[in-house]
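Kindly produce the complete structure, drawing on both the sequences and the hints.
Chains as they are written, first to last, in the numbering used here: chain A, 1 to 122; chain B, 1 to 420; chain C, 1 to 377.
Don't read these hints as lab results, they were simulated from the structure.
Incorrect hints may appear among the rest.
Said to hold, decoys possible - Straight-line Cα separation of at most 20 Å, DMTMM-like style, residue types lysine to aspartate or glutamate; simulated pairs:
id	chain 1	residue 1	chain 2	residue 2
1	C	46	B	412
2	B	364	B	6
3	B	376	B	365
4	B	88	B	137
5	B	309	C	317
6	B	309	C	314
7	A	16	C	68
8	A	16	B	393
9	C	75	B	412
10	C	34	C	112
11	C	309	B	294
12	B	309	C	290
13	C	309	B	324
14	C	75	C	26
15	C	83	C	73
16	B	376	B	165
17	C	46	B	406
18	C	247	C	290
19	B	309	C	271
20	C	75	B	406
No experiment lies behind these values; they were computed from the predicted model shown.
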Amino acid sequence: MKNGIDIGAWEDFPDKEIVRVEVGGTVLGVCRWGELIYAFRNACPHQGAPLCSGFMQQNVSAEMVAGDVSMLTREEVPVVLCPWHRWEFNLEDGSAAWPGFKMRTYRATRESGRVLLHFGRK
Amino acid sequence: MSENNDRGPGSVIDATVHHHWASQLEVTDHMSAGWREQLGIPNTLPGGAGAMHILPATPYRRPGGDYLPETTSSPTAPPASDPEFTAKQVFESGQVSRAILGFDRGMFIPSVPNAYRAVALARAMNDWTIDHWLASDDRFYGLVMVPNQTPLEAAEEIRRAGLNDRMVGVLLAANGLNKPFGHPAYHPIYEAAAEMDLPIVFHAGGDQSSDTLTHPTAGGMPSTYAEIAALSYSPMMTHVQSMIVQGVLEKYPSLRIFVSGVGVGWIPGLFFRLDVNWRGLRREVPWVRKLPSEYFRESFRISSWPFDKAPGEDGPERVVRALEAFGGVDKLMCFASGFPSWNTDSISDIASRIPASWHNSVFKDNAEEWFRWPGKERAAVVEPTVEVGEIPETGELGDPNRRTYETEDGREVEWVPAGD
Amino acid sequence: MPANPNTLEHPIIDVDVHQRWRSPEEVVDHLPEKWRSYATGRTGGKTTALMPAGLTYPFHRGVNKRLEAVPEDGKGTSFPLMKEQYLDRYPSVEVVNLTFDIGQEVAQRNPEFSAALTTAMNDWVARTWLTYDPRMRTAIVVPTELPERAAAEIHRMAPNPKVTGVLIAWNPFGKPLGHPVYEPIWRAAEEEGLPIIIHGAAGETEGGLAQTTAGGLPGSRLEWHTLLQQPTLAHLASFVVHGTFEKFPGLKVLVLETGLAWIPNFFWRLDAHHQEMRAESDWVRRLPSEYLRDHVKFSTQPFELTPRKEQLIEFFEAFGGMDQLLCFSSDYPHWDADDPFYVASRLPKEWLPNLFAENARSMLRLLPVDSEQEVHA
Numbered sequence: 001m002k003n004g005i006d007i008g009a010w011e012d013f014p015d016k017e018i019v020r021v022e023v024g025g026t027v028l029g030v031c032r033w034g035e036l037i038y039a040f041r042n043a044c045p046h047q048g049a050p051l052c053s054g055f056m057q058q059n060v061s062a063e064m065v066a067g068d069v070s071m072l073t074r075e076e077v078p079v080v081l082c083p084w085h086r087w088e089f090n091l092e093d094g095s096a097a098w099p100g101f102k103m104r105t106y107r108a109t110r111e112s113g114r115v116l117l118h119f120g121r122k
Numbered sequence: 001m002s003e004n005n006d007r008g009p010g011s012v013i014d015a016t017v018h019h020h021w022a023s024q025l026e027v028t029d030h031m032s033a034g035w036r037e038q039l040g041i042p043n044t045l046p047g048g049a050g051a052m053h054i055l056p057a058t059p060y061r062r063p064g065g066d067y068l069p070e071t072t073s074s075p076t077a078p079p080a081s082d083p084e085f086t087a088k089q090v091f092e093s094g095q096v097s098r099a100i101l102g103f104d105r106g107m108f109i110p111s112v113p114n115a116y117r118a119v120a121l122a123r124a125m126n127d128w129t130i131d132h133w134l135a136s137d138d139r140f141y142g143l144v145m146v147p148n149q150t151p152l153e154a155a156e157e158i159r160r161a162g163l164n165d166r167m168v169g170v171l172l173a174a175n176g177l178n179k180p181f182g183h184p185a186y187h188p189i190y191e192a193a194a195e196m197d198l199p200i201v202f203h204a205g206g207d208q209s210s211d212t213l214t215h216p217t218a219g220g221m222p223s224t225y226a227e228i229a230a231l232s233y234s235p236m237m238t239h240v241q242s243m244i245v246q247g248v249l250e251k252y253p254s255l256r257i258f259v260s261g262v263g264v265g266w267i268p269g270l271f272f273r274l275d276v277n278w279r280g281l282r283r284e285v286p287w288v289r290k291l292p293s294e295y296f297r298e299s300f301r302i303s304s305w306p307f308d309k310a311p312g313e314d315g316p317e318r319v320v321r322a323l324e325a326f327g328g329v330d331k332l333m334c335f336a337s338g339f340p341s342w343n344t345d346s347i348s349d350i351a352s353r354i355p356a357s358w359h360n361s362v363f364k365d366n367a368e369e370w371f372r373w374p375g376k377e378r379a380a381v382v383e384p385t386v387e388v389g390e391i392p393e394t395g396e397l398g399d400p401n402r403r404t405y406e407t408e409d410g411r412e413v414e415w416v417p418a419g420d
Numbered sequence: 001m002p003a004n005p006n007t008l009e010h011p012i013i014d015v016d017v018h019q020r021w022r023s024p025e026e027v028v029d030h031l032p033e034k035w036r037s038y039a040t041g042r043t044g045g046k047t048t049a050l051m052p053a054g055l056t057y058p059f060h061r062g063v064n065k066r067l068e069a070v071p072e073d074g075k076g077t078s079f080p081l082m083k084e085q086y087l088d089r090y091p092s093v094e095v096v097n098l099t100f101d102i103g104q105e106v107a108q109r110n111p112e113f114s115a116a117l118t119t120a121m122n123d124w125v126a127r128t129w130l131t132y133d134p135r136m137r138t139a140i141v142v143p144t145e146l147p148e149r150a151a152a153e154i155h156r157m158a159p160n161p162k163v164t165g166v167l168i169a170w171n172p173f174g175k176p177l178g179h180p181v182y183e184p185i186w187r188a189a190e191e192e193g194l195p196i197i198i199h200g201a202a203g204e205t206e207g208g209l210a211q212t213t214a215g216g217l218p219g220s221r222l223e224w225h226t227l228l229q230q231p232t233l234a235h236l237a238s239f240v241v242h243g244t245f246e247k248f249p250g251l252k253v254l255v256l257e258t259g260l261a262w263i264p265n266f267f268w269r270l271d272a273h274h275q276e277m278r279a280e281s282d283w284v285r286r287l288p289s290e291y292l293r294d295h296v297k298f299s300t301q302p303f304e305l306t307p308r309k310e311q312l313i314e315f316f317e318a319f320g321g322m323d324q325l326l327c328f329s330s331d332y333p334h335w336d337a338d339d340p341f342y343v344a345s346r347l348p349k350e351w352l353p354n355l356f357a358e359n360a361r362s363m364l365r366l367l368p369v370d371s372e373q374e375v376h377a
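Here it is, written out as structure tokens:
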């Protein structure tokens with residue numbers, strides 16, 4: 001188990017689809033974005049909505065870079081949009097479009113054709 | 001609130017004083033011979049007729065009058081129409097060092113249906129302000145009045161009259177195109193203002209004239225002046241929000257805006273709501289890349305006049321508590337008297353209603369920073385870094401996400417309910 | 001966070017929940033023959049048969065619902081989904097006040113058609129959703145352009161004990177609602193003990209004479225939605241100026257889906273113009289805010305959010321008496337619906353009993369119903 005929890009084969013996670021996974025009583029969303037794979041808690045930090053019913057898009061975000069705000073579009077960093085208020089959260093680090101809210105994310109990795117989930121700090 | 005309400009000599013900038021003419025001839029005399037003939041001369045026909053009136057119709061007037069009493073030098077002259085008399089009244093306390101003149105009902109003239117007359121009148125009004133008012137007292141400053149239903153001509157007028165060093169901003173009052181002010185049609189005005197480093201001034205009442213066809217209230221036209229006056233902040237919310245959401249401040253990053261005549265109490269309610277909504281609807285307007293309130297704090301300043309009042313003994317304290325819940329209003333608010341309007345605010349009254357720690361910024365520093373005062377070098381235009389109006393691709397419709405569903409009768413869906 | 005459902009001990013009266021027919025046929029087929037062929041013939045299909053007079057701010061990809069609340073086939077709204085996602089999740093819900101899909105279909109240029117349609121819509125909800133669960137209650141729609149017919153529709157529907165109020169979903173005259181032309185509707189509502197229910201900007205879709213915002217039509221859904229409260233400002237001011245609450249002292253008004261943060265400034269502005277109102281009207285005998293506090297309440301959704309939770313509370317406390325004015329609403333299943341636990345977590349505990357039930361109880365007409373007999377779903 002030190003290498004994480006096996007939650008299925010790579011093929012079980014179709015590209016750009018959110019798959020609902022239950023691990024030890026915790027419901028997670030797991031999703032692929034091309035060759036990348038992400039995992040997050042199925043609860044929006046705003047009102048607790050089931051994020052697994054949301055959808056993914058590319059990041060269109062204002063990001064503080066050395067005190068400067070710049071627009072990043074078309075970048076290969078996906079976000080998940082909440083099915084309720086359509087707030088969005090970066091799948092890499094859970095950050096929202098503007099500071100103040102953060103989605104809980106987990107580390108997911110691909111090893112020998114399997115997808116492994118790692119609890120604990122990212 | 002504050003105990004010491006006496007501001008020292010010269011320690012106040014009054015950001016809104018309304019100046020007017022004793023006779024419209026003062027203005028039309030600045031027009032070409034053709035226009036002078038066409039507009040005519042008052043009192044050259046029986047009963048005072050002989051001229052086409054230049055003021056637009058004002059369907060809602062205050063019972064008991066729109067002005068403070070005793071603001072005229074003669075019984076038949078309009079209030080604040082005599083430069084010397086007005087200077088005496090505005091500056092007599094010695095506290096006010098500078099006053100910005102923003103026209104009275106004349107500010108609504110550019111909404112007249114004849115667009116050519118609007119252009120000619122706006123030019124004449126600016127020249128009249130410079131010749132008749134700015135020349136009479138060096139403590140008076142002016143705003144460039146623009147015919148905003150023809151934005152290209154308005155931009156030209158900003159570049160012309162704005163060259164005068166005592167013109168410290170650009171006045172947009174009447175909503176000449178019946179659109180919120182962030183609408184792209186208005187953008188040439190902002191381009192010129194940014195180029196001239198002149199702040200844009202929005203003034204209350206621009207949606208009240210019959211000539212604009214916009215509505216001063218949502219939900220239908222009210223029956224009384226009281227409703228119009230109480231709700232005069234609502235079209236201003238529309239305009240302020242429009243400037244932010246339609247990307248004007250991304251397109252012209254150095255543009256500054258000043259809002260006058262609607263008080264400040266509407267600010268928390270608008271931004272507590274708009275900021276939340278932005279988190280969910282921002283992809284509709286992806287060029288809005290900061291929280292809307294961030295743009296507001298950076299690019300807007302607001303006149304204190306008419307300062308908000310809550311009922312009861314503790315009313316003033318409640319108003320300040322509500323503003324403090326939003327925070328930073330002391331950095332946004334500039335004192336304005338609104339003279340000679342019926343609800344003119346006095347320096348001592350406003351000083352007594354706001355915390356002493358706000359006094360320096362509200363009475364002077366904010367306005368000092370905001371308007372383009374003589375001698376101040378015109379700041380360079382800041383170039384945009386975002387393409388306003390561009391919708392970036394987000395990958396949402398890419399394979400294999402796309403699914404196809406049948407509609408119930410096989411026809412294309414042309415309407416689905418979208419009310420919330 | 002979705003807390004344990006049992007942690008919210010307050011009974012919940014949810015004053016704004018939306019339901020839609022799965023197909024317009026459910027309503028169209030119950031119209032009189034003339035209007036049935038009119039409705040389907042003019043657009044050539046059922047999909048758009050009930051399209052109202054104007055609506056110009058469609059949502060991203062045309063879905064203004066919570067995504068998981070959209071049925072698998074995309075048609076209308078679903079009671080089984082509502083049960084799973086809403087009723088079962090919040091077991092303390094005592095009353096669900098249905099308000100159609102804001103009812104804007106009644107906004108028709110042809111007032112006779114609008115009248116026929118309101119009758120068909122009211123019969124539809126009585127026949128369908130009111131029978132699905134004993135907690136279901138409904139607001140009814142009325143043809144506002146024909147005030148006498150609207151009054152008759154109120155009297156026709158009022159005997160149904162599950163009717164809670166009258167939803168004003170169309171402002172056909174371009175007049176704020178205090179205008180005397182509307183008085184037959186207010187009189188009938190008062191007689192039947194039914195409140196008037198005004199849903200944010202529902203009556204001011206863009207095809208009307210009244211506009212959805214002051215100062216020109218905004219250019220985005222973000223702006224439109226943020227200013228949903230603006231028509232309500234004019235309506236409430238108008239009720240005060242035209243003496244609606246003097247003429248109909250028993251009339252109550254429930255305002256839905258306009259948020260809350262605009263209320264303090266609005267009340268203060270009206271009071272600050274009290275003298276002008278008195279000079280222009282014979283009807284203004286008390287402070288405007290006193291009329292509003294006695295006759296009007298506001299739903300909590302969409303609930304505003306401040307960076308710090310305390311900011312919103314400080315703001316409301318500076319105003320005072322907010323706990324008497326608020327009625328909880330979820331707005332399920334719309335995209336901007338609020339979770340009751342979330343709303344409870346953002347406000348002082350002492351406010352919650354009033355906010356979740358007691359204020360709504362004083363507003364809606366909630367008659368006892370024999371649940372066993374009524375439910376035959």
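Exercise. Hint by hint, work out which the structure violates, then give me just those numbers in ascending order.
Key: Violated: none.
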